[in-house]
Every structure is written in structure tokens, then in C-alpha cells.
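K.L.:
This is what each chain is made of:
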Amino acid sequence: EPEVTQTPSHQVTQMGQEVILRCVPISNHLYFYWYRQILGQKVEFLVSFYNNEISEKSEIFDDQFSVERPDGSNFTLKIRSTKLEDSAMYFCASKLAENQETQYFGPGTRLLVL
Amino acid sequence: AQTVTQSQPEMSVQEAETVTLSCTYDTSESDYYLFWYKQPPSRQMILVIRQEAYKQQNATENRFSVNFQKAAKSFSLKISDSQLGDAAMYFCAYRTDEYGNKLVFGAGTILRVKS
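Just so you know, the sequences run in chain order Y and X.
By this note's numbering, the letter at position 22 of the first sequence is numbered 22, and the numbering carries on one by one without gaps.
By this note's numbering, the letter at position 4 of the second sequence is numbered 4, and the numbering carries on one by one without gaps.
Extracted from the complex, chain X is given alone in its bound form (with noise of 0.2 Å):
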């Protein structure tokens, strides 16, 4: 079974400064889909970035990006210039390849951001 691992419980930058999250995971499938979302107080759950398996190329969403390293099975979320909106619970999440297609949740970063 795929697992999906934060190391990382709760992170702070300040205002404008960059950050890093990191996600690790484990799986046996060669293809597959990677997410990030936040989650921010009102406990909706949105979608930041997503990362395709097969794709080399890193993705990237305005200020968000990710480093993907899939023989490392690691898959970090960057956020440049941080705002006091990004302010959020975050989760790493796997799509498995099996028929459904559900998703696999990491336990999230807590990320607090300083004025």
C-alpha cells in the first residue's frame, strides 16, 4: 500500500521569505499523480500545485513549485515570497493508479507565516 509521509508538523517563515515543505512517499506503481493542498481555517481543502510521475520537468504555480526527485520518492513544496495568506494547514497527497483512483493523504505541515 502507498504511504505518504510529512516529517515536518508545523513550519514558520516570515512575510516575503522563502520556505520549503517536504513530502516523502512510497509506492511500487511507475506512474502516478502527486498533489499538494491547503487546507487553510475553514477547513476547505484546496488544490496548490500537481505533479505528473512521468514528467521530469518540475511543476510550478506562480509563486508555488515543487522538487520532484522520483527515484528519491520525495516531493517538496516551495513557497517564494511568502504571503500571510499562505498561512495553512498543508498536505502532500498520491493518486494511485488503481481503478478508482483514490487519494493517499500525508499527516500535513501546520505552516505559520511572520509579519
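Chain Y with its partners taken away, still in its complex shape (with noise of 0.2 Å):
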């Protein structure tokens, strides 16, 4: 079965340092999202990509954070300058098609900042 992957798995960063986390959908799907989890609260949104633009950011999304879809598989999200409050898990989500109602996340990518 396809599963949406995130690499790396564990990131241990610097304060100030960019970070860039990197996912890959299922190979067919055509809507992307980004959500954050800080250790102990709910899961939340913090963007969504489609045809090669954002259509929605969360105001957490500023203009430290980026996303990009550099080739055919790939989609990342950047962190130009980590806080110490960035430290979380970073789930990336992906649905085939907009009347498709399932979002597939991924393992997350555990975030460190020291």
C-alpha cells in the first residue's frame, strides 16, 4: 500500500539554523499539507499546497517557514531561522484530489531546537 515517507525521522538543530524537512506523497496525489505537533498539544495546520502554490497558511506559517515542491516527488518545508518553540513533531499529509476526503499523514519528522 503507498504511504506518505518523511525524512529525516529525528532533526537536532541549532537556534537560528535552517532546517528543511522533507517529504514524499503517495505518487499520485495532488493536494499537500504541513501540520506541526508540540510535545503534549493538538495537532495543527499549518499549510496547503496545491499546483504548485499555497492555497492556505495558518498564521503560525510566517515568513520564517517555506514550502516548496522542487521536482516531481519531493515536497519540503523550511525553517530559515529555528526558535526554541519550533521543537516539534512536523506531520506531512497528502489527499489524491479535492473531493477526496482523506488526508494520509506521515511518520512526522521529530524537530529539536536547542
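Derived from the structure by calculation, the hints contain no laboratory data.
Errors might be hidden in some of the hints.
Stated by the list, open to error - In silico BS3-like cross-links for lysine-lysine, where the CA-CA straight-line distance does not exceed 25 Å: (1) X/Lys55 with X/Lys70; (2) X/Lys78 with Y/Lys42; (3) Y/Lys42 with Y/Lys83; (4) X/Lys78 with X/Lys55; (5) X/Lys70 with Y/Lys78; (6) X/Lys73 with Y/Lys83; (7) X/Lys55 with X/Lys73.
Given two chains presented individually in distinct reference frames, assemble the corresponding complex, making use of the accompanying hints.
P.N.:
Structure representation (C-alpha cells):
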């Protein structure tokens, strides 16, 4: 069964450093998402992406964040200058089409900012 | 804006027994989807069950079923014949009908299964 994959599974970085989190959505999916879960808290929407552009972003997704689909398979989330409060689990999700209801999640990347 | 509320931070159930997890939501939309996701200690998000708001029939998936009350904006998850592997955090989620179709999650309920 096709799966969403994410790399790395864990990343430790110093405050102020740039990080890139990578996701490979399910191959024929067209809608892509990033969500964040700070330890012990609910899962929060960050951004949705379709047709090579952001379709919606949350208040969390400020100028320090960007997303890109550099080729036909990868979907990346970049944090330009990490802050301590960026420490969280980051989930990528994808779905096939606008009228398909289910988003399939990757296993997550655990980011720790020191 | 849509909101999802899970009022039970933690629940316990004896193995083989039945447990119900509560979820309520607030929306002005008439067409939407509701989901329950399971998050085991590995923290991966696993889809348990989904419900289309326009369907009156409650969704079922093996030991998992929902009680969807659209007028009351309630969407509870019933787990029958609970197993040790059901122990996890369970999130209720609402899918908006807005462009992009983001998911809005509740705070989660930790389910503990006692042997």
C-alpha cells in the first residue's frame, strides 16, 4: 500500500539554523499539507499546497517558513531561522483530489531546537 | 472558524470491554467530513474511521463505529472488544469545505487499555 514518507525521522538543530524537512507524498496525490504537533498539544495546521502554490496557511506559518515542491516527488518545509518554540513533531499529509476526503499522514519528523 | 472539542483528556477500558470517546464540533457549514485518527506512542497518525456529514448512516470499521448526531454536532467513537493495541491518543478531526480542505483537530483523548 502506498505511504507518505518523511525524512529525517529526527533532527536536532541549534537555534537560528535553517532546517529542511522532506516529505514524499503518495505518488498520484495532488494536495499536500504540513501540520505541527508541539509535545503534549493538539495537531495544528500549518499550510496546504496545490498546483505549485500555497492554497492556505495558518498564523503559525510566518515568513520564517516556506514550502516547495522542487521536483515531481518531494515536498519540503523549510524553517529559515529556527526558534526554540519550533521544537515539535512535523507531519506531512497528502490527498488525491479536492473531492477526496481523506488525508494520509507520514510518520512525522521530530525536530528539536536547542 | 470551526472548532473541535474533546472533553475527555483520558479514558480507561478493560480489555474486551467497550469504550466511547466523545467529540463535539462547531461549524456553520452543511457539508463536511469528520475523522478519528489514532496516534500510538510512535506518534504516527493513523486513520481509524471517517464520516461524511451528508450520510445519515453511522460509519463502521470492524470494531470501530461512530455515533454521528449532526443536529447536536456530536461525533463519538465507540471501540468494541477493546484490545491492548488500541491504547493510544485518539484525535477527532473536522475537514473544512474551504479550498485546501485543512483538518482541524481536537485536543485528543488518551485511551488506556487494562489487561
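K.L.:
Against each hint, give a clear statement of whether it holds in the structure.
P.N.:
Do the hints match the structure? See the list:
Between the alpha carbons of X/Lys55 and X/Lys70 the distance comes to roughly 10 Å, so the proposed pair stays at or under 25 Å and holds. For the proposed pair X/Lys78 and Y/Lys42, the alpha carbon gap of about 21 Å is at most 25 Å, so the pair holds. The straight-line distance between the Cα atoms of Y/Lys42 and Y/Lys83 is roughly 19 Å, inside the 25 Å bound, and the hint therefore holds. With a C-alpha separation of about 18 Å, the suggested pair X/Lys78 and X/Lys55 falls inside the 25 Å cut-off, and the hint holds.
Taking the CA atoms of X/Lys70 and Y/Lys78, the gap is near 39 Å; set against the 25 Å cutoff, the hint is violated. This hinted pair does not check out: X/Lys73 and Y/Lys83 have alpha carbons roughly 38 Å apart, beyond 25 Å. A hinted pair counts as satisfied when its Cα atoms are at most 25 Å apart, and X/Lys55 with X/Lys73 qualifies at roughly 14 Å.
Hint compliance for this structure: hints 5 and 6 are not met, and every other hint is.
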